[in-house]
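> Sequence:
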Amino acid sequence: MNGQPTPEWREFQHAVAAVFNAAGCDVRIEHPVEGARGIHNVDVAVYFKKHGIECLWIVECKFWNTPVPKEKVLTLQTIVADCGADRGLMVSKCGFQSGAVRAANKTNITLTNLEDLSSYIDDKMMEIESLRRQLADAQEQLDDYLCPHCGASLSERTEIPYNDKHSGMIEIFECGYQRDGAMIRPCPFSDEFPRLDEFDMQIHMENGWYLCFPKPTTDKSRKVRLQTGRGSTENEARAMVAEHYAYLTTPLGQEFRGRWIFRSGQRKPDASE
1 MNGQPTPEWR EFQHAVAAVF NAAGCDVRIE HPVEGARGIH NVDVAVYFKK HGIECLWIVE
61 CKFWNTPVPK EKVLTLQTIV ADCGADRGLM VSKCGFQSGA VRAANKTNIT LTNLEDLSSY
121 IDDKMMEIES LRRQLADAQE QLDDYLCPHC GASLSERTEI PYNDKHSGMI EIFECGYQRD
181 GAMIRPCPFS DEFPRLDEFD MQIHMENGWY LCFPKPTTDK SRKVRLQTGR GSTENEARAM
241 VAEHYAYLTT PLGQEFRGRW IFRSGQRKPD ASE
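To convert, note that position 256 of the sequence shown is 256 in the UniProt record's numbering; the numbers rise steadily by one, no gaps.
I should point out that these hints are in silico values taken from the structure, not numbers from a laboratory. Given the structure is predicted, the values throughout are model-derived calculations rather than measurements. Yeah, the Cβ is synthetic: ideal placement off N, Cα and C, and Gly gets one too. Each hint should be verified, as a subset may be incorrect.
[Stated by the list, open to error] Computed beta-carbon distance windows for the label pairs: (1) N41 <-> A136: 38 to 46 Å; (2) S119 <-> D143: 33 to 41 Å; (3) H14 <-> Y145: 46 to 54 Å; (4) L154 <-> D82: 51 to 59 Å; (5) K50 <-> K215: 54 to 62 Å.
Can you build the whole structure from these sequences, using the hints too?
Okay, here's the thing in structure tokens:
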């Protein structure tokens, strides 16, 4: 440090940069920007994303005691076009000549002063914050219609009467998750869903067929019903139960091709099959 005071024009430049810094932009002062015809050293380069797309604004700061003439606006237009910037801004201490205003009209050049620029950015930040709050509220409402474990959509909501004065609501999601205020059937993609070995495969004969009844043996498995397996052999009956379990635990939208069950990837699984 040489102990010399910062020139007023540089303070002005830094004040302009601070406005964009406060908005969360990537701001670079006295920055070289590469154009098609060469390098341009600009007062302030502002980088940000809009809808996921990288944007560049080139800002020129004029701490002059006289209005900025038309020629300076035309020069900025040339730099903006050569660099492929999205917008050019000229921030002036003492305004602009009428020719400069006409030259910037209906172009991607904005003429402004520090106070108006700051107010504009503040207003935009308030709009963004308001949109964020609305988005958060909407997301909270949307969450009521999605399985909290895998994000599957709500497929059915039915009112159930408890008595003459009180009733409740049962909700069923595409993945098979069910709740009525508390969980009554776990999501196949949560830690609460039982493993296949938590069922005791009991084999019975009926009319010449082997039937496999998957009997729950744990608290988790008692919340899930697997279909009864049927086959010409014990192994075939067991395999049918295992296939149904695999079907239930295969992500929605993913094709499933089994011996007895088929899903193209578009069809929604039915947990009660």
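> Which numbered hints are broken by the structure, listed smallest first?
none
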